[in-house]
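Enquirer: Single-letter residue listing:
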Amino acid sequence: MAAKLSERIQDLIGFDYASNSINTENEALEVACAEVIDTLPEELLLKYAVAPTDLISGAPTMDIRGKRILRVSRIEGSNDDAIFIHRPCEKLTIDEYLYNTQDANSIYLPTSHSPVYTEDPESAVATLKVFPAITGSSADTVNTAKVWYITYPYGDFDGNIALDGLPNEVEHAVALKTASYILDTMMSDKIQDDEDEEMLRMLQAQKQNLDATYQIEMGRLSGEKGEQ
Amino acid sequence: MNRVEIIELVQQHHPHMGEVEILKLINRALDDFTMETGILREYVDIQNTVAGQRYYTVDKCISIINVWIDDVLIPRMASINAAMFIDDDEHVNADNTLATPSKTSNERYWYPIQDDGEIKIGLIERSTESVKRDDKVSNYQSISETGLQIRVYMMRRAVHLATGSGSGTTFTPEINSVFHQALVSKAIGEGYKDPRNQKFDAVQFFVGEYEDYIKQAKKVAKRNAITTGVVVPHTF
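From first to last, the protein sequence lines stand for chains A and B. For the first sequence, counting from 1, position 177 maps to 177 in the numbering used here; every step adds exactly one. Positions in the second sequence are counted from 1; adding 228 to them yields the numbering used here.
Derived by calculation from the structure, the hints in this document are not laboratory data. Incorrect hints may have been included.
[Claimed, not checked] Each pair of labels, with its calculated beta carbon distance range: (1) M263(B) <-> D164(A): 57 to 65 angstroms; (2) T135(A) <-> D298(B): 28 to 36 angstroms; (3) R256(B) <-> N168(A): 48 to 56 angstroms; (4) N79(A) <-> E236(B): 45 to 53 angstroms.
[Stated by the list, open to error] A few chain B positions that, by computed beta-carbon distances, are all more than 12 angstroms from chain A: (5) E247; (6) K252; (7) M263; (8) H408.
[Said to hold, decoys possible] Over the 12 angstroms line for every Cβ pair with chain B, so calculated as not near, a few chain A residues: (9) D38; (10) L45; (11) R87; (12) A104; (13) Y108; (14) A139; (15) A162; (16) S188.
Being a predicted model, the structure only gives us computed values, none of them experimental. The beta carbon of each residue, even a glycine, is placed where N, CA and C say it ideally should be.
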C-alpha cells in the first residue's frame, strides 16, 4: 500500500505532521506541489490530467483560480454529419483578447479555425473565456470547448496517498521539496530559539542533500526520459 | 487545394498567423494572380436589358472580351467618345437621363467604362431617329428593348476565400488547381516580410517561386486552350 505524503516526509526528515510543532507544514506541502506542477512539462501533466471541463452555452466560462491550464480546444465541424474537429485555442493576454476579438475588420480576429482563450481577472475571479463565443448547448458538440487543467492542491492533504492529476512518480519530488521547506523552518528554530550550531550544521547538510536529490528527481521527470 | 489545406501550409512557416490574416494574404495573392495573368475567364449572363438603361455593372471584371445580346455577338464600339457623345447620365447622377428610345434597332454595340471602382458596359443601338441635345446630334441611343439576355465573356477576379467556409468558391480558389500552390508561395513570402518572422532570403525564394507560376499561367492564358502545330524543317 502506498505511503501517505506525511509518512514519506517523516521518513525523509523525521518530521511528524500530527505533532503541529510548526505553523506552516500545510503551506510547505502546498508550495512544494505548486512548484512541482509549475515545473513539469505540460505533456506529462496532460497524460494524467483529470477529466476536462466542458464549456457550453449554459456555462461558457470557467473559474480557474488555483488551476494550471494545460490545454483549451474549441470544437468546430458539423453536428449533423458528426464531424467534431478540436481546434487548439491560442492563449492571449487579456488586453490582446479584448483588442483582437472586438474588431471584426482586424487581421487578428480569431475564428473557429483559429480560436483563442484568455484568463480574465475582471470580476476579481480569474475566469477563462474562449472566442469565438461558445454557443453549443451540450458537451462534445460543435461550438463548445474543452479545458484540460490541474488543480494546485490546497489545505490539509498530508494524509493523501495520491494527488489528483499527478502521476505517483511525482509524489517523491513533492515529499523532497516539502521536506526541504520544513527543514528551513527547523533551521530557523535552531538559529532563533535554540542557538544550537551543531544541530544547525546537521540540518543544513541534510537540506543540501535533499535539494540535490530533488534536482535530480525533477531533471528525470522534466527531461526526455521523464514521461512516465 | 482548399481553404484548410492552404491555411495549414502557410502555418507550417508562420504558425503565429490565424485564419483571417492568412486568408487576407491569400485573397490578395488571388487578386494579383488573376490580374497579372488574366487566366480566369468566364461566360456569364449578367442580367437582362432594360429599355432605356445604358449601363450594366459587370461584377469582378478585369476586362471584357466579348458581349452577346440575346445570344448574338455584338461588336465593340471603337470610339467611346462617339458612343458617349450624348451620354445617358444614369451611371453618375440620373438628373438628365435620355428618354427611353421609341424605335428599335438591331445594330447594337457595347463599350466599357470604368466607374466608381467597377467596370460597366454601355449598350447602345444605332439610332434611327437622331438623339439631340444642346444643338448636338448623336447617332446612338441606349438599348431600346427590355428582357434581352446580356452575356459577357471576360477576364475576372476570383471570389475571395471566406473564413469558416466548407464548400464552393469561398472554400476552393477558382483558379486552376495547378496554380493553387502559387497562392501559398505568395502568402508564405509575404509572411516572411513580417517583423514577427522576418527572413529576406525566404521572401526572395517564395516570391520568386510565385513569379515563376505567374509566367507559366500567362503562357497558359495566352494559349487559350489551343495547341498550335510545329513547323518541321525539311531538306528538299
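Enquirer: Look at each hint and say if it fits the structure.
Expert: Right, here's what the structure says about each hint:
Checked against the given bound of 57 to 65 angstroms, the beta carbons of M263(B) and D164(A), roughly 60 angstroms apart, stay inside it. As the Cβ distance of T135(A) to D298(B) is approximately 49 angstroms, the hint placing it in 28 to 36 angstroms is violated. Judged by the Cβ atoms, the range 48 to 56 angstroms given for R256(B) and N168(A) holds: they are separated by roughly 55 angstroms. The hint said 45 to 53 angstroms for the Cβ distance between N79(A) and E236(B), and at roughly 24 angstroms that hint is violated.
Residue placement check: E247(B) does not keep its beta carbon more than 12 angstroms from all beta carbons of chain A (closest about 4 angstroms). Once the 12 angstroms rule is applied to beta carbons, K252(B) is inconsistent with being away from chain A; the minimum gap is 6 angstroms. At roughly 21 angstroms from the closest C-beta of chain A, the C-beta of M263(B) stays outside 12 angstroms, upholding its exclusion from the interface. In this structure H408(B) is separated from chain A by more than 12 angstroms, as the shortest Cβ-Cβ distance comes to about 18 angstroms.
For D38(A), the requirement that its beta carbon stay farther than 12 angstroms from each beta carbon of chain B is met, with the minimum near 25 angstroms. L45(A), annotated as away from the interface, keeps every beta carbon of chain B farther than 12 angstroms; the closest lies near 22 angstroms. Once the 12 angstroms rule is applied to beta carbons, R87(A) is inconsistent with being away from chain B; the minimum gap is 10 angstroms. Interface exclusion of A104(A) from chain B breaks down, the closest Cβ pair being 9 angstroms apart, not more than 12 angstroms.
In this structure Y108(A) is not separated from chain B by more than 12 angstroms, as the shortest Cβ-Cβ distance comes to only about 6 angstroms. No beta-carbon of chain B comes within 12 angstroms of the beta-carbon of A139(A); the shortest separation is about 22 angstroms. At roughly 37 angstroms from the closest C-beta of chain B, the C-beta of A162(A) stays outside 12 angstroms, upholding its exclusion from the interface. Taking the minimum C-beta to C-beta distance to chain B, about 48 angstroms, the non-interface status of S188(A) holds against the 12 angstroms cut.
Of the numbered hints given earlier, the model fails hints 2, 4, 5, 6, 11, 12 and 13; all others are met.
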